[in-house]
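Protein sequence lines correspond, in order, to chains B and R.
Counted from 1, the first sequence has number 351 at position 351 by full-length UniProt numbering; the numbering is strictly sequential.
Counted from 1, the second sequence has number 131 at position 131 by full-length UniProt numbering; the numbering is strictly sequential.
Any given hint could be a false lead.
What the hints assert, rightly or not - In silico lysine-lysine, DSBU-like type, Cα no more than 35 Å apart, as pairs:
#1 K101/R with K408/B
#2 K101/B with K75/B
#3 K75/B with K52/B
#4 K408/R with K93/B
#5 K52/R with K279/R
#6 K52/R with K93/R
#7 K279/B with K174/R
#8 K279/B with K174/B
#9 K75/R with K279/B
#10 K52/B with K174/R
#11 K409/R with K279/B
#12 K52/R with K75/R
#13 K279/R with K408/B
#14 K409/R with K279/R
#15 K52/B with K93/B
#16 K93/B with K75/B
#17 K52/B with K101/B
#18 K279/R with K409/B
#19 K174/R with K279/R
#20 K409/B with K93/B
#21 K174/B with K75/B
#22 K93/R with K279/R
#23 K52/R with K174/B
#24 K409/R with K93/R
#25 K75/R with K174/R
#26 K279/B with K52/B
#27 K279/B with K409/B
To be verified - A few chain R residues facing chain B, derived, Cβ under 8 Å:
#28 Q120
#29 L122
#30 D164
#31 D241
#32 V308
#33 A312
#34 N324
#35 S330
#36 L365
Hints were generated in silico from the structure; no laboratory data involved.
Since we're looking at a predicted model, the values are computed, not measured.
Note that beta-carbon positions come from the ideal geometry of N, C-alpha and C, so glycine has one too.
As a plain string of letters, each chain reads:
2 protein chains.
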Amino acid sequence: MATTIQPISPAAVDELAALRLELADTSTVELAEELPRMDLAEQALRFRLLHKDRALAVFEELDPVHQQELLDGLKTDFVRELLESMETDDRAKLFDEMPAKVATRFQSQLSASDRRTTAQLLGYEPESAGRIMTPDYVSLRASMTAAAAIERIRHLRERPRHLDVLPVVDGHRKLLGTVTLADLVSADPDTLVTDLIADEHYQVSTDTDQEEAARLIQEANLIALAVVDHEERLVGMITWDDAMEVLEAEDTEDAVRAGGSEPLERPYLSAGVFMLARKRAVWLLVLAVSASLTVTVLNYYETYLANVTVLAVFISLLTGTGGNSGSQASVTIIRAMAVGEVRFSDAFRITWRESRVGFLLGVMLAAVGGPVVGFVYGWDIGLIIALTLLVICTWSTFVGSLLPLVAKKVGIDPALVSAPMVSTLCDATGLLIYFSVAALVLGPVLTG
Amino acid sequence: MATTIQPISPAAVDELAALRLELADTSTVELAEELPRMDLAEQALRFRLLHKDRALAVFEELDPVHQQELLDGLKTDFVRELLESMETDDRAKLFDEMPAKVATRFQSQLSASDRRTTAQLLGYEPESAGRIMTPDYVSLRASMTAAAAIERIRHLRERPRHLDVLPVVDGHRKLLGTVTLADLVSADPDTLVTDLIADEHYQVSTDTDQEEAARLIQEANLIALAVVDHEERLVGMITWDDAMEVLEAEDTEDAVRAGGSEPLERPYLSAGVFMLARKRAVWLLVLAVSASLTVTVLNYYETYLANVTVLAVFISLLTGTGGNSGSQASVTIIRAMAVGEVRFSDAFRITWRESRVGFLLGVMLAAVGGPVVGFVYGWDIGLIIALTLLVICTWSTFVGSLLPLVAKKVGIDPALVSAPMVSTLCDATGLLIYFSVAALVLGPVLTG
C-alpha cells in the first residue's frame with residue numbers, strides 16, 4: 001500500500017456512522033440549536049452528513065447570522081443548492097443581513113428566476129409586509145369548481161410550501177378573497193370556488209408595517225394573509241410562521257428596550273463584546289447626563305444636607321422606590337399598548353387610575369416606613385420619610401404611566417420608554433419632593 | 001291604538017338598520033376590540049344583531065374576562081348556543097376564569113358530551129399542554145389510502161375547526177405520526193397514509209408545560225402538535241393559534257415582571273385600581289425593604305458625609321448609573337434565555353463577556369464624567385467619581401448578567417429578575433464601592 005494515500009481508518013468510518021446515527025436521533029429544532037455552538041468545521045461535517053431535505057430544514061431554522069457563517073464552511077455547489085431550495089422570503093432575509101459584496105456573489109449563483117423574485121422582495125421597504133411575504137403561492141379562479149381546484153393543486157409542477165389557504169383572483173390578478181384547503185376538500189366537488197370564499201376578508205398592502213400584518217394574522221387567527229400591491233393585485237402571501245417570527249423579534253426588541261438597551265438584531269452569543277457595549281452606550285450616557293440633574297438638585301440643597309446630615313442617609317431608598325413604582329407603571333402601560341388593550345384616547349382614564357394606584361402604594365409604604373424610621377431616627381424624620389414616600393409613589397406612578405402615552409402621541413415607539421429612563425426622570429423630581437417636604441417639617445432647623 | 005303598547009318608532013327601526021350596516025362593515029377583530037369598551041347593554045344589543053357564526057367568531061376573540069361580562073348581558077338560550085359552539089379548549093379556559101358557582105351554572109346548560117370534554121380538559125394541571133389542546137380532531141389510520149382519508153374528511157358529520165394537520169393512529173389509538181392535508185390532497189389517491197407521515201415527528205404529553213409546547217410549535221413551524229397521554233395514546237391536538245396566544249401571554253408576563261410588577265392575567269382596563277395596586281405592592285415592599293440596605297450603608301458612612309458634604313451630591317447619579325447598566329445586562333440575558341439563545345451552561349462565558357462590556361461602558365462614562373466633575377468640584381472629587389463609575393459599571397453589569405443565571409439554576413423563572421430588583425441590589429453595593437474609593441483617594445480628610 002502506497003504511504004502517500006491515507007486510507008480512511010476503520011475507526012474513522014465507525015465514528016462517521018455513529019455521528020450519522022446521532023444526527024438521525026436529533027430533531028431539526030435541536031440540531032438548529034446545537035449547530036451554532038460548534039466550530040465551523042464541526043458544523044460543516046454534520047451538515048454534509050444530513051439528508052438534503054433535512055439539511056435544508058435545519059438551515060432554514062438557523063438565524064441569518066448563523067446561516068451566513070455556515071455558508072462560509074460549505075462547498076460552492078452545496079451552497080448553491082441550499083440557496084435555491086430556500087423559501088424566497090427567507091433567502092431575501094439572509095441576503096439582507098449579508099455584506100453587499102457577499103450577497104452579490106451568492107446572488108450571482110442563483111437561477112435567473114430565483115434572482116428575480118429575491119430582488120423583488122428586497123425592493124420593498126425594510127420592515128414592510130412585502131419583505132416577509134412569499135411570492136410562491138397557488139391562486140385559484142372564482143369560477144373554478146372545488147374539484148377543478150383540487151386537480152390543479154394535485155398537478156402542480158412545483159408545490160409551494162404552504163397550501164392551507166389559497167388566494168382567489170380574477171382575470172386581472174385582483175384579489176377576491178381566500179379559500180381554505182379544508183373547505184375545498186370538504187365541499188361538494190361541483191361547488192364553485194367563489195361560494196367557498198371566506199366571509200371575512202383580510203388583506204394588507206406591500207408597504208403595510210410587518211408588525212401590523214403579523215398582529216392581524218395573530219388576532220384574526222389566519223394561517224396565511226394575502227398581500228396586494230397598490231392596484232389591489234395579489235403579489236404574495238404572509239404565512240403564520242413568518243408572522244410568529246416577526247412578533248417574537250418585536251417582543252425581543254421591546255423587552256430589551258425596556259431595560260434601556262438597543263436591540264442586538266442577532267443572537268446574543270454571536271454579538272461581540274464591543275457590539276454589546278455599543279448597543280448600550282448611548283442610552284447609558286444619555287441617562288447619566290439626565291441623572292446629573294440629581295447632582296444639581298442635591299448641590300442646591302447642600303446646606304440642608306450639611307445642617308441635617310441624616311437626610312443624606314435616605315436619598316437612595318427614596319429615589320430607588322420612586323424609580324421602582326414608576327417602572328411598574330410604565331411597563332404595565334407599555335405592554336397594554338403593545339397588545340392593543342389601551343390607546344392614546346384612554347390617556348386621561350389611565351393616568352387617573354395610575355395616580356390612585358400610586359397613592360395606595362404610597363400609603364402602604366408610608367405606613368410601614370414612617371414608624372420604623374421614626375423609631376430609629378426620631379419622629380420628625382419619620383414624618384418626612386412617610387410623607388415623601390406617599391408623594392413620590394403617587395408622582396412616579398403618574399409619570400411612569402404618562403411617559404409611554406406621550407411617546408405614542410409624538411410618534412415615538414412607547415417601548416423606548418425604559419425602566420431606567422423612568423427611574424432616572426423620577427430621581428431628580430423625587431429629590432425635589434424630599435427636600436420640600438423636609439423644609440416643611442423641619443423649618444428653620446434645616447434652612448438656617 | 002292602545003297606549004300601553006309601545007310601537008317601535010320608524011326612527012328606531014332606521015337606527016337598528018344603520019347599526020346593522022355598521023356591524024357588517026366592521027371586521028371581527030375590530031369588533032372584538034371595540035365591544036369591551038362599550039357598556040353592557042350596548043354590547044348585548046350589537047351582539048344580538050350579528051349573524052350567529054359571526055357572533056361566535058367575535059365571542060371567541062374576546063378575553064375570558066370580557067366573555068364572562070357579555071354572557072351576563074345575554075339571554076339564557078343565546079348563552080347556551082354560544083357555549084355549545086365554542087371550541088372545547090376555549091370553553092375550558094372561560095370556565096376556568098369564572099367563579100366556581102357561575103361555571104357550574106353554565107356547565108349544567110351544556111349537552112352531556114360537551115360537559116364531559118370540558119371537564120376532561122379542566123382535569124389537567126393549569127399551564128399544562130392538556131389544558132390548551134382541542135379534543136376535536138380527525139385521526140386517520142396508517143393503512144388507509146389517501147383517497148379513503150379524503151373521503152372520510154369529506155363525510156364527517158361534524159367538521160372540526162382544524163384539518164390542516166391530521167394525526168395518524170394505530171388500532172390502540174397509539175400515535176404514529178401526522179400527515180398534512182396538503183400532502184393528502186397532492187398525493188396519488190392510492191398512496192397509503194403511512195407513506196405520507198411527516199419524517200420529523202414531534203409530540204408532547206398532556207402534562208408538558210404550555211410554554212414549552214408552544215415554543216416547539218413556533219420553532220418547528222408546526223400548524224398543529226399532537227398531545228398524547230402516558231400510554232402514548234393520542235388525546236388531542238394543540239393548534240398554532242393557541243400556541244401564539246400562549247406565547248403572547250408569556251411575553252406579557254415577562255414584560256410586566258421585568259418592570260417589577262406581577263402579571264395582571266386580564267386586560268388592563270378590566271382590572272380595578274385595588275387589583276393593580278395589589279399586583280405591585282409585594283414587589284414594591286420587598287424592594288423598599290432591600291433598599292433599606294442603602295440606609296445602613298449611608299448611615300455607616302455618615303461621618304464621611306459630614307466631613308465632605310459634597311460626596312452626598314453624587315449619590316443618586318452613581319447608584320442610578322449602576323442600576324441602569326445592571327438592568328441593561330439583565331434584560332439582555334433574560335430575553336436571550338427566554339428565546340433559547342443561551343443556557344445555564346453558558347454562565348461562565350456570559351458573565352465574562354458582560355464584565356468586559358461593563359468595563360468598556362465604565363471607561364466611557366469615567367472619561368466623560370471624571371473631567372467634568374473634576375473641573376467643577378476639584379480634581380480629587382473628579383478622580384473619585386471616575387474610578388467609582390468604572391468599578392460600579394463593571395460590577396453592576398456583572399451582577400445584572402449573573403442574577404438571571406442564578407435564578408435559572410435554583411429553579412426560579414429568570415423573568416422574575418426585574419430591572420427594579422437589579423438596581424436595588426446594585427444600589428447598596430454601589431455605595432460601598434463609592435465610599436471605599438473615596439477613602440482611598442481622600443484618606444484622613446474623609447475619615448478624620
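How the hints compare with the structure:
1. K101/R with K408/B: 42 Å, violated
2. K101/B with K75/B: Holds: K101/B and K75/B sit about 18 Å apart, inside 35 Å.
3. K75/B with K52/B: The hint holds at about 14 Å.
4. K408/R with K93/B: Holds: K408/R and K93/B sit about 33 Å apart, inside 35 Å.
5. K52/R with K279/R: Not satisfied, since the Cα-Cα distance of roughly 38 Å exceeds 35 Å.
6. K52/R with K93/R: This hinted pair holds, its Cα atoms lying about 21 Å apart.
7. K279/B with K174/R: 51 Å, violated
8. K279/B with K174/B: Answer violated: K279/B to K174/B is near 44 Å, above 35 Å.
9. K75/R with K279/B: 56 Å, violated
10. K52/B with K174/R: 30 Å, holds
11. K409/R with K279/B: 27 Å, holds
12. K52/R with K75/R: Holds - the C-alpha atoms of K75/R and K52/R are around 14 Å apart, at most 35 Å.
13. K279/R with K408/B: 25 Å, holds
14. K409/R with K279/R: Distance of about 26 Å is within 35 Å: holds.
15. K52/B with K93/B: 21 Å, holds
16. K93/B with K75/B: 21 Å, holds
17. K52/B with K101/B: Roughly 27 Å separates the two Cα atoms, so the pair holds.
18. K279/R with K409/B: Distance ~27 Å between K279/R and K409/B Cα, so the pair holds.
19. K174/R with K279/R: 44 Å, violated
20. K409/B with K93/B: Holds, because 32 Å separates the two Cα atoms, which is no more than 35 Å.
21. K174/B with K75/B: 43 Å, violated
22. K93/R with K279/R: 22 Å, holds
23. K52/R with K174/B: 30 Å, holds
24. K409/R with K93/R: 32 Å, holds
25. K75/R with K174/R: 43 Å, violated
26. K279/B with K52/B: Roughly 38 Å between the alpha carbons, so the hint for K279/B and K52/B is violated.
27. K279/B with K409/B: 26 Å, holds
28. Q120: For Q120/R, the interface hint is violated, since the closest Cβ of chain B sits about 23 Å away, which is over 8 Å.
29. L122: 23 Å, violated
30. D164: Constraint on D164/R satisfied, holds at 5 Å.
31. D241: Hint holds; D241/R Cβ to chain B Cβ min 4 Å, cut 8 Å.
32. V308: 10 Å, violated
33. A312: 4 Å, holds
34. N324: 4 Å, holds
35. S330: Hint on S330/R: holds, closest Cβ of chain B at ~7 Å, below 8 Å.
36. L365: Interface hint status for L365/R: holds (6 Å vs cutoff 8 Å).
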